[in-house]
Amino acid sequence: MSNDAFVPHPDRLLPADPAVREIARSLYALEKDQPIISPHGHVDPRLLLDDEPWTDPTSLFITPDHYVNRLMHARGVDLADLGVGQGPLTESASRRAWSLLAEHWHAYAGTPSRYWMEHEFHEVFGLETVLSPRTAEAMYDEIAEKLTRPEFRPRALFEQFGIQVMATTDDPVDDLSPHDALAADASFAGRVIPTFRPDKYLEPAREDFGALVAALGEAAGVDTSSYDGHLEAMRIRRQYFRDHGAVSSDHAHIDPGTERLALEDARRLYGAALSGAISADEAVALRRHLLADQARLAAEDGLVMTIHPAVLRNHDTATFERFGPDVGFDIPVAVDFVHHIRPMLNDVGHHPGFRTVLFTIDETVFSREIAPLAGVYPSVYAGAPWWFIDSPDAILRYRRAVSETIGYSRTSGFIDDTRAFCSIPARHDMARRLDATHLAGLVAEHRMRLEDATELVSTLPTQQPREVFRLGDGGETA
Amino acid sequence: MSNDAFVPHPDRLLPADPAVREIARSLYALEKDQPIISPHGHVDPRLLLDDEPWTDPTSLFITPDHYVNRLMHARGVDLADLGVGQGPLTESASRRAWSLLAEHWHAYAGTPSRYWMEHEFHEVFGLETVLSPRTAEAMYDEIAEKLTRPEFRPRALFEQFGIQVMATTDDPVDDLSPHDALAADASFAGRVIPTFRPDKYLEPAREDFGALVAALGEAAGVDTSSYDGHLEAMRIRRQYFRDHGAVSSDHAHIDPGTERLALEDARRLYGAALSGAISADEAVALRRHLLADQARLAAEDGLVMTIHPAVLRNHDTATFERFGPDVGFDIPVAVDFVHHIRPMLNDVGHHPGFRTVLFTIDETVFSREIAPLAGVYPSVYAGAPWWFIDSPDAILRYRRAVSETIGYSRTSGFIDDTRAFCSIPARHDMARRLDATHLAGLVAEHRMRLEDATELVSTLPTQQPREVFRLGDGGETA
Amino acid sequence: MSNDAFVPHPDRLLPADPAVREIARSLYALEKDQPIISPHGHVDPRLLLDDEPWTDPTSLFITPDHYVNRLMHARGVDLADLGVGQGPLTESASRRAWSLLAEHWHAYAGTPSRYWMEHEFHEVFGLETVLSPRTAEAMYDEIAEKLTRPEFRPRALFEQFGIQVMATTDDPVDDLSPHDALAADASFAGRVIPTFRPDKYLEPAREDFGALVAALGEAAGVDTSSYDGHLEAMRIRRQYFRDHGAVSSDHAHIDPGTERLALEDARRLYGAALSGAISADEAVALRRHLLADQARLAAEDGLVMTIHPAVLRNHDTATFERFGPDVGFDIPVAVDFVHHIRPMLNDVGHHPGFRTVLFTIDETVFSREIAPLAGVYPSVYAGAPWWFIDSPDAILRYRRAVSETIGYSRTSGFIDDTRAFCSIPARHDMARRLDATHLAGLVAEHRMRLEDATELVSTLPTQQPREVFRLGDGGETA
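Protein chains in written order, with our numbering: chain A, 3 to 480; chain B, 3 to 480; chain C, 3 to 480.
There may be inaccurate statements among the hints.
Only part of the chain C face toward chain B is listed, based on derived beta-carbon distances under 10 Å [claimed, not checked]: (1) G278; (2) A282; (3) V286; (4) T366; (5) A373; (6) S381; (7) I408; (8) S411; (9) H440; (10) H448; (11) A455.
Far from chain B by the CB rule (all over 12 Å, computed), these chain C residues [to be verified]: (12) D176; (13) D245; (14) I256; (15) L265; (16) S369; (17) E371.
Footprint (simulated), chain B over chain A, 3 or more residues, beta carbon under 8 Å [as the list claims (entries may be wrong)]: (18) 10-18; (19) 355-365.
It should be emphasised that the hints constitute simulated quantities derived from the structure, not laboratory data.
Every residue, glycine too, gets a C-beta built ideally from N, C-alpha and C.
Full structure from sequences and hints, please.
Following this line, the structure appears as structure tokens:
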């Protein structure tokens, strides 16, 4: 049926006005084929090391994607029926989950999840129909068949996607052997680098804090039963990551507090945390001190700190107990960067080794806090709209909120932060289209010369994140 | 004079770009004649029961409308001169108030109040001039004359407006006899249903709390001198409302806190409240517990909870003392839904009987909190922009803020929340035009297929609120 | 080279859509030549009294402009290299700073700083090239040469700019002799008026609070060693300013708190402040009481209070110690007007002498707090987007956020708040263009009649601020 035919429009996300669209097209043309830099994300390095084919469309597109699952859950679908927490799916379970998605697909109209997936269906898998109960089975079959082909294995797609650098997110105690093996594999030319993510080792309120820092100590070969040992273990593990290719550390606490304690208080509270005798307020104070320590270590070792705080994790306790974390129940809250990161910036904000990229879902801070900070501190960059606001209107709001204070040069470039490997090119392409749209508007309103917009788009997608994340100028090595 | 001629443009609120406007027109055409569902508002049921003609244009358009009065007050007009707190107006007082409005009408340019009233002047009363000191008298005369005709009585207009369901707002102790009489009146086919509004019975800090809960107890036939009696009385009165057609309860405290107390603390604080020995903090804690109780009762009886908190009522004490509440001095404040409603959602958020619709004037929570919550909890819906932000740009901001996370299916549909009966069709029509405008933009930018937008508008105005508010599929009964 | 040629486009900032642009052009044409009212700014009155030529382009355009310097600083330039804190510059230092600006000019694309400066380069200095390393020297030379001409002296430019009234910002102890001399100078027809800025005298937490209030007492001829003396000294100095032409007082604390203390507490805390025995919390409480006193005095003397709180000054301590205040490290924070100014409005909000203009960088309060307050209190006006948000997109966001609640009549008119004298016409022109753009959109979407928009623009630039700031109807005197 002609009603089922669908391919994403070549001008999607560009402005509707014909004259402005023409400008946007010319800008986007300069961006679309630039290599992808993904300086922060959650793809497992083993995906590329093992290069195994995906088993089925559901485990590729649905089960691991909390963006997709959460809306179906709100509409009454049990997460278990989407494969969450189920282990490997039988084919019939996989097909059932796929048909659930098809049944609810109309409710995703206008969402980035649908936008990205339709991009992937067409650009990656060559499909030319819209997902619906009518088309679901045929689309499943076609994707499933293609997943068996060599050119749809992870490494082949990595290359086809034009990914130049992709950072993973890794535990400080990880030995990074998959990264090493991948780097040593002459048959794979991609650059896949680890990221130091120490969050849980900085949260003294956690019940497992003692066990965590013991493991940290073991990995570092340092006794972490004292605060000084914790600091030294962190220094060692960060350096280990640095030596294995990392360029950044990633931080996501409920607030971005960085107030330092007096040394004796830090030592005392650390001891109290290990003996289980720390109060809730003290645990917060110690966590902020430990994050401030990360900033000092960053000034030493040069890892760029990405800080994206203010998400209340696991809002629904019952769901957490049944399915664990990262299943769609993390809800953003308001954030104050100005007071919280002031101690850190007063400490190391002018240090040549220190650099931080701030991002958040609380849009109120874009014009009020992030742009003013990134527009004066040499070490501060405005990160990208993230998570719920990695979406077309929100990205335009972000550009309109920050670029009048800091232009484009103090922004980090696009950060996909995704677990969904196949969505990486779709997400970067969306950001590029929207930058073209934003700039075309400025040009059309005579607020920016076309020459300046052209210069910007020629460097934004690839060169900008390479510089911000200290990835070097070349293709493969820093 | 040709200068005085004015009728609202048929394309008002549709996009200026000719191609996008064409799409919007086609979408709006599918919406404009759908029946009106008004699931939350403040029209008195006696208006329809008695079906008396309005006495004059001022008491219809000005005196009860705090949107209209407040701006004149800011511009120096005494509220008394607009009939506020004056009882029935003499004709000369009514005409004086009308001429004040005409004198200040230019200052309303661009406001929704003017937009709605111009819609009403033309679409309801057939006027074809713009209000001004030059035209005021003639327009007054023409409206006054029409108000004497049978076809301008409330029931006739109810039918002419295409209102299918209209909810009123009612005190828990109300016997709902007007609703019963109206339902029993075979000559009136409309569905006018009550809404359970228990706010003041949940505020232990009120001086009249004791008297209030005593009256509640009397209405329920339960001794409310204890906390357990309060809970039981609420259960009984909610069921009474349910039995008399109610589908929702309505809640508007200064914050949406729902943290539960231990049972013995709830009992103790309730006793303290009745004996006047409750502290301010304790009163807040008890109020939050009592709101959490409403949620439990809602899970039992299925009344949908509309929660629209965070308005500081009666900001100006002198005005409150002179004129009482609801005269324009209620000012919004910031709100945090994420922490405040978490206890409630952890308690009953997955219960099949429980459902809540969140709305607010604090726009910062749209993308940060409301959309993420409504996009994962099956019981949470995003309400409509409300009060000061029931206005064209704000409605578009709302759609752009929430629809990228939840599409349209997790939104409540339009809620007019008005005291101004004649403005109901104008307000619903405005919301429909803006949905068409929003969707047309997505279609024109190739972010949504025209087929999907068409499907959405065919169900948004009527079917969506019927489903969210459990109004049943049919026309007249649930 | 043709590549270097550049003059600002006559249609800049007007909408891209041809039909809407045509409407905007017609509205802007009515605004562009209206006289400038600058009711709040930071130009030194001696600039006009002495009427000395500027020495060089850098000290005119760069050194004093923290907007310009801060972005270069973020990009790695030392503030000292831009002349900050350096005293008079040598010609080579001035040229070096200028070439730094040229080198970084591309990073300002899309910012209001670049927009304003390009306006000034062309409209004031007649330049027709874009700044770049290629053009920097020639542009420097041409500006430097013109600065030596009589028609580029401050008074000549004041007249050429069409400035009708310009307010400066002045210390309460200032004798205002420059203002007197300027007013007495028959050769200068401009109206340059002082503004009472008492902030530091209201901050009991300052180390120099004792010295400050002693100086205040000396200026007023009153013993300020007691609270009562402080109040009386303020009354006297405000009246002194009033007598010397002031129409407003200006206030910028970290919060806009106005809660009053009991008289005995105010007296006690004032004494404690002078003896250095006041706690941090008490100092805040006293500061709020002292601001509330200013409101009472304003009700007496009629000075309009501009309140623009919530900027954390001198965020970076090291920079403050090296360069002092006002060098770009002031960062906005969130603000709550509703609770904070309630005591003040309950006290004097209906007093005919009292008037306040609220502005802020926290955009979240525009629709939530400022518009609702200005739309009901006769004494409250919504100020202009300010500082970081005195920029095109933010100005449009402001208009879209407030005008649906209060139209244009409860807004203050544009406030430039600038230290950069030559940017005054550029800033006012930008605001006028954007008002035309905003209104043209409303007209094109049939939300406002062209007649109403025309009436608005005919009064907005000049008459509106004259009325709000009680500047009288005529040209030169109140």
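Checklist line | Given hint A282 (chain C) near chain B, where the shortest CB pair must fall under 10 Å | finding: Violated: closest Cβ of chain B sits about 23 Å from A282 (chain C), beyond 10 Å.
Notebook entry, point to check: Counting residues of the segment 10-18 of chain A that have a beta-carbon nearer than 8 Å to any beta-carbon of chain B, does the count reach 3?
Noted result: holds (count 8)
Next item on the list: Under 10 Å, Cβ to Cβ, is where G278 (chain C) needs to be relative to chain B, so tell me if that hint holds or is violated.
Entry: violated (33 Å)
Margin query: Can you verify the interface hint for V286 (chain C): is its Cβ closer than 10 Å to any Cβ in chain B?
Written below: With a minimum Cβ separation of about 20 Å from chain B (threshold 10 Å), the hint on V286 (chain C) is violated.
Check: If you take the shortest Cβ to Cβ gap from H448 (chain C) to chain B, is it below 10 Å?
Finding: H448 (chain C) check passes; min Cβ-Cβ to chain B is 4 Å, inside 10 Å.
Check: Can we keep the S411 (chain C) interface hint, with Cβ of chain B closer than 10 Å?
Finding: holds (4 Å)
Checklist line | chain B contact restraint for H440 (chain C) - C-beta distance below 10 Å | finding: Hint holds; H440 (chain C) Cβ to chain B Cβ min 9 Å, cut 10 Å.
Check: Per the stated criterion, does the least C-beta distance between E371 (chain C) and chain B lie above 12 Å, as a non-interface residue requires?
Finding: Since the minimum Cβ distance to chain B is about 7 Å, E371 (chain C) lies within 12 Å and the statement is violated.
Item checked: Annotated coverage of the segment 355-365 of chain A by chain B, confirmed only when three residues or more have a Cβ within 8 Å -> Our answer is that it holds, as 3 residues pass the Cβ test (under 8 Å) against chain B, meeting three.
Margin query: Quick check on the hint: A373 (chain C) CB to chain B CB, less than 10 Å?
Written below: Hint on A373 (chain C): holds, closest Cβ of chain B at ~7 Å, below 10 Å.
Notebook entry, point to check: Non-interface claim for I256 (chain C): all C-beta distances to chain B beyond 12 Å?
Noted result: holds (17 Å)
Margin query: For D245 (chain C), is the shortest CB-to-CB distance to chain B above 12 Å, so the non-interface label stands?
Written below: About 28 Å separates D245 (chain C) from the closest Cβ of chain B, which puts it past 12 Å; holds.
Consistency note: the structure conflicts with the earlier hints numbered 1, 2, 3, 16 and 17.
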